[in-house]
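Visitor: Given next are the chains, with one letter for each unit.
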Amino acid sequence: MKVEEEILIKRAKTGDNLAFQALYDRYISQIYRFVFLKVGQKQDAEDITQHVFVSAWENMSSYENRGFPFSSWLYRIASNATIDHFRTSGRTVDIEAVPEEYLRNDDNQTDAVDTAIGIETVKVMLAKLEPDQQNVLIMKFVEERSNKEIAESLQKTEGAIRVIQHRALKQLKTLIDARENY
Amino acid sequence: MHEKTIKQLKTLKEITPDSGFVSRTRNLFIATSAPKRVVSVFAWQYAGAFAVIVIFVLAIPFFFMPEPTLASLDTEVISKEIHTLPINVQLEEVRYNEAVQNTISDAISEAANTETNHLNLSLLEKEGSSTLPITNSDEIEKNVDDLINQAVQ
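Top line first, the protein sequences correspond to chains P and R.
Letter by letter, the first sequence follows residues 137 to 318 in our numbering.
Letter by letter, the second sequence follows residues 724 to 876 in our numbering.
Hints should not be assumed to be uniformly reliable.
What the hints assert, rightly or not - Computed cross-link-like contacts, PhoX-like style, restricted to lysine-lysine with a CA-CA straight-line distance of at most 25 Å:
id	chain 1	residue 1	chain 2	residue 2
1	P	K178	R	K849
2	R	K736	P	K178
3	P	K178	P	K259
4	P	K284	R	K733
5	P	K306	R	K733
6	R	K803	P	K284
7	P	K264	R	K803
8	P	K264	R	K727
9	P	K259	P	K306
Hints in this document: simulated from the structure, not taken from any laboratory.
It should be emphasised that the depicted structure is a prediction, and the values quoted were computed from it without experimental measurement.
Could you put the whole structure together from the sequences, leaning on the hints where they help?
Guide: Structure (C-alpha cells):
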C-alpha cells in the first residue's frame with residue numbers, strides 16, 4: 137500500500153471527510169465498473185456503488201490495514217452488496233435486454249458502434265458466468281489486480297483464484313465464439 | 724491462448740460512471756458528519772470468564788445453605804410412615820386375634836378336662852362333707868354382741 141494512501145486511510149479513520157473523498161475519487165470508477173458488470177443495470181449499479189461507499193465511510197473506524205490495497209476492502213463490500221442485491225430483488229441480469237441490432241454482424245456499423253457491440257457482447261457473456269468467475273475476470277483483466285489482492289478480496293486462496301480464472305477464461309471464450317458465430 | 728478474450732475483457736475498462744452520479748455521491752460525504760467510533764464496553768474475549776464469575780456468584784448462596792435432607796432419606800419421617808402403614812394395623816389385629824384364640828382354646832381345653840381339681844366329683848364330695856355347717860348369721864351376730872357387752876362391762 138502506498139504511503140499516501142495509508143495517510144488518507146488514517147485520516148479517514150478519524151472522521152476526516154476530505155481524506156475519505158480522496159479515497160472515493162481514487163476508487164469510484166473501478167468499483168462502479170465492477171458493480172455495473174455484475175448487475176448489468178446503470179441505475180442499480182449507481183445505487184449499489186453509493187451504498188458501498190456509504191458503508192465504507194460508516195465503518196471506516198473498523199477498517200484494519202492488513203497490507204492489502206484499500207480497494208480490496210471496497211471490492212469485498214461491493215461483492216457482498218451485489219449478492220444482497222440479487223437475493224433481495226430476486227432478479228438476474230437480463231442478457232436478452234441487449235438490443236439485437238448490437239449483436240448482428242453489419243458491415244455498415246461505425247467503429248464506435250463496433251466498440252459498443254464488443255463491450256456489450258463481453259458484458260452479456262460475462263454475465264452468464266458464475267459470480268466468482270465474473271469477480272475474478274473483472275478484477276484480474278479489467279482492473280488489473282494481482283492474484284494476491286483478488287484472493288484477499290474474495291476470501292479465497294491464490295490457488296483457487298488461478299483455477300477460477302482458467303475455467304472462467306475458457307468458458308467466456310466459448311460463449312463469445314458461439315455468439316460471434318451466431 | 725486466451726489473448727483475444729483478455730483483450731475483449733480489457734475493453735470493459737471504458738465503462739465509467741456518470742459524472743453527475745460521481746459528484747452527487749461525493750457530496751454525501753461532505754454533508755455526512757464523521758462517523759463516531761462506537762466504543763464497546765464489553766470485551767467479547769472475556770465473555771467466558773465473565774460467565775464463569777456470574778455462575779459462581781449465583782452459586783454462593785447454595786454453598787452456605789444447610790444441607791437439605793431429602794424426604795425420602797429422612798429416617799425419622801420414614802419411621803413414622805412405617806408405623807402408620809396399614810400393614811402394622813393388620814399386625815395388631817392379628818396379635819389380638821391370636822391372644823383371643825389362645826384364651827378360648829385354653830378355656831375349652833380346661834372345660835373339657837375332667838381331671839381338673841375343681842371339676843373332680845369325688846373331690847367335691849369330699850370337700851362338701853368336711854365343710855362346717857353354715858350357721859345362722861343372726862345367731863352369730865348375737866354372739867358377737869354378747870361378747871362386746873361383756874367386754875364393755
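Visitor: Work down the list of hints and note, for each, if the structure agrees.
Guide: Results for each hint:
| no. | hint | in the structure |
| --- | --- | --- |
| 1 | P:K178 with R:K849 | 149 Å, violated |
| 2 | R:K736 with P:K178 | 15 Å, holds |
| 3 | P:K178 with P:K259 | 13 Å, holds |
| 4 | P:K284 with R:K733 | 20 Å, holds |
| 5 | P:K306 with R:K733 | 16 Å, holds |
| 6 | R:K803 with P:K284 | 83 Å, violated |
| 7 | P:K264 with R:K803 | 86 Å, violated |
| 8 | P:K264 with R:K727 | 18 Å, holds |
| 9 | P:K259 with P:K306 | 16 Å, holds |
Comparing the model with each numbered hint stated earlier shows that hints 1, 6, 7 do not hold.
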